[in-house]
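Model the full assembly from the supplied sequences, consistent with the hints where possible.
Protein sequence lines, in the order shown, are assigned to chains A and B. Numbered according to numbering that gives the first Met the number 0, the first sequence spans residues 0 to 267. Numbered according to numbering that gives the first Met the number 0, the second sequence spans residues 0 to 267.
The set of hints was computed from the structure by calculation and includes no laboratory data. Please note: incorrect hints may appear among the correct ones.
It does not matter which identical chain is used: a pair holds within one copy or between any two.
With a straight-line Cα cutoff of 20 Å, these simulated SDA-like cross-link-like pairs (lysine to any residue) come out [unchecked claim]:
hint : residue 1 : residue 2
1    : K266      : E170
2    : K249      : V180
3    : K249      : W186
4    : K266      : D62
5    : K228      : E177
6    : K266      : E200
7    : K173      : L255
8    : K173      : N256
9    : K172      : R259
10   : K187      : S262
11   : K172      : D189
12   : K249      : A86
13   : K75       : E41
14   : K172      : K266
15   : K254      : E181
16   : K266      : H106
17   : K150      : E112
18   : K34       : K75
19   : K150      : S139
20   : K184      : R118
21   : K187      : E169
22   : K261      : W186
23   : K266      : L179
24   : K172      : E155
All figures in this text were calculated on a predicted structure; none of them were measured in a lab.
Number of protein chains: 2
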Amino acid sequence: MAKTIGATLNLQDIDPRSTPGFNGDKEKALALLEKLTARLDELQEQLYAEHQHRVLVILQGMDTSGKDGTIRHVFKNVDPLGVRVVAFKAPTPPELERDYLWRVHQHVPANGELVIFNRSHYEDVLVARVHNLVPPAIWSRRYDHINAFEKMLVDEGTTVLKFFLHISKEEQKKRLLERLVEADKHWKFDPQDLVERGYWEDYMEAYQDVLDKTHTQYAPWHVIPADRKWYRNLQVSRLLVEALEGLRMKYPRPKLNIPRLKSELEKM
Amino acid sequence: MAKTIGATLNLQDIDPRSTPGFNGDKEKALALLEKLTARLDELQEQLYAEHQHRVLVILQGMDTSGKDGTIRHVFKNVDPLGVRVVAFKAPTPPELERDYLWRVHQHVPANGELVIFNRSHYEDVLVARVHNLVPPAIWSRRYDHINAFEKMLVDEGTTVLKFFLHISKEEQKKRLLERLVEADKHWKFDPQDLVERGYWEDYMEAYQDVLDKTHTQYAPWHVIPADRKWYRNLQVSRLLVEALEGLRMKYPRPKLNIPRLKSELEKM
Numbered sequence: 000m001a002k003t004i005g006a007t008l009n010l011q012d013i014d015p016r017s018t019p020g021f022n023g024d025k026e027k028a029l030a031l032l033e034k035l036t037a038r039l040d041e042l043q044e045q046l047y048a049e050h051q052h053r054v055l056v057i058l059q060g061m062d063t064s065g066k067d068g069t070i071r072h073v074f075k076n077v078d079p080l081g082v083r084v085v086a087f088k089a090p091t092p093p094e095l096e097r098d099y100l101w102r103v104h105q106h107v108p109a110n111g112e113l114v115i116f117n118r119s120h121y122e123d124v125l126v127a128r129v130h131n132l133v134p135p136a137i138w139s140r141r142y143d144h145i146n147a148f149e150k151m152l153v154d155e156g157t158t159v160l161k162f163f164l165h166i167s168k169e170e171q172k173k174r175l176l177e178r179l180v181e182a183d184k185h186w187k188f189d190p191q192d193l194v195e196r197g198y199w200e201d202y203m204e205a206y207q208d209v210l211d212k213t214h215t216q217y218a219p220w221h222v223i224p225a226d227r228k229w230y231r232n233l234q235v236s237r238l239l240v241e242a243l244e245g246l247r248m249k250y251p252r253p254k255l256n257i258p259r260l261k262s263e264l265e266k267m
Numbered sequence: 000m001a002k003t004i005g006a007t008l009n010l011q012d013i014d015p016r017s018t019p020g021f022n023g024d025k026e027k028a029l030a031l032l033e034k035l036t037a038r039l040d041e042l043q044e045q046l047y048a049e050h051q052h053r054v055l056v057i058l059q060g061m062d063t064s065g066k067d068g069t070i071r072h073v074f075k076n077v078d079p080l081g082v083r084v085v086a087f088k089a090p091t092p093p094e095l096e097r098d099y100l101w102r103v104h105q106h107v108p109a110n111g112e113l114v115i116f117n118r119s120h121y122e123d124v125l126v127a128r129v130h131n132l133v134p135p136a137i138w139s140r141r142y143d144h145i146n147a148f149e150k151m152l153v154d155e156g157t158t159v160l161k162f163f164l165h166i167s168k169e170e171q172k173k174r175l176l177e178r179l180v181e182a183d184k185h186w187k188f189d190p191q192d193l194v195e196r197g198y199w200e201d202y203m204e205a206y207q208d209v210l211d212k213t214h215t216q217y218a219p220w221h222v223i224p225a226d227r228k229w230y231r232n233l234q235v236s237r238l239l240v241e242a243l244e245g246l247r248m249k250y251p252r253p254k255l256n257i258p259r260l261k262s263e264l265e266k267m
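Next up, the structure:
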């Protein structure tokens, strides 16, 4: 069944401030980002026009790791009609009365769609594990479910792109402090973020397990060093463009009798 | 109950090429649009931050009138996280087994949300009427339902903005012909559009009835002359910015013990 790639992604070996695969500076990165986001716009249009493929982007990361920022900057040139963002928060009572994949399944992309999950079913082996919302016997079975679920999606025609935005604990401190400076940003500060920060090491362990157990051939994880926002945006854009170009999409060429349609239209 | 403003919007009196309220040229309009779309981005953030108001934008218009283009250009600077677009196409069998407002109601904006309806419940008194999908006794009752439904939404805290993108029959011909020129645009051409074009006058009559019967104080229609795309975008942006500014939103100022939070964070 689900074959994992194994322990090839070790968080401890990946420096959140590093910029693997990119030698330039911020300015160069921003210029490149402009091109990539414009290309992403074209690719999204082809995706929609072709109506053959489905693309699911899964964003995971600690508080302040930049999930929202990634969506804003990577998709800034894409038609608002062409992107659907689904944020998964704490499950509601009706959601808790079903299996944890139920609410997720409802939002998977249709043909021609690009959907972004801002958090996802992975929370059910992250927050659920760290806070003992379910016992280990329950969450430990979920990695297999998730792999099987993602395999089914991929088999049925969905491209699944999973990004873990990897920030350092120091960088999180800096970003949380920033929210306390400007009064107009206070609404973004959730005192609960401090509580969660207290579980940093537990989360890292839980994330490492996610990477070890759900990094599959068909739905691999991309660990994105995310302390530098410009690198994070650049790298996510690159991987997205690469994946979409890999679909070798073409605009459909419906069989239209152009001369007849033109003359018909001229008469109307 | 629902009080309509009456026959103040006559389509025959509104020239689709006109640019009421704007004396400048295209260049000036585009410069102004840049500012308005940036302002819209700020206002959307406040809307989200405040989490008090709900905004529903309804876009209606004939094929090629520019509903998609309006979404693309007016919301180009708004965070993809902050806009949700819902396209209403021909109802599915389960949708047809309920009242026509059922599927619409499910997608209304929540607190802090900005939702765009690309077509809407108005199709149930437009295409449904023009093609006799339901008898006159049925569709003629719907204007009252729609007014009552929109009143409830407004009473409960939703701002409803209704735009009719008004193009001329000549302009539609031009736009349909354009789609037949470039092969990579052929997928956008739907031969059904020609069939619909044959019903132009019936649609104008149905739209005029919509304007006469559902142009209410609480949810007025805006007829946007839309033969010039730059004016259409400018005018929709203006009205949106005006409506959002009218909400007099402020960033919430949660009571945070900033010094304590800072020192707590410094220690973590």
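Which of the listed hints are not met by the structure? The structure breaks hints 12, 16, 20 and 24; every other hint is satisfied.
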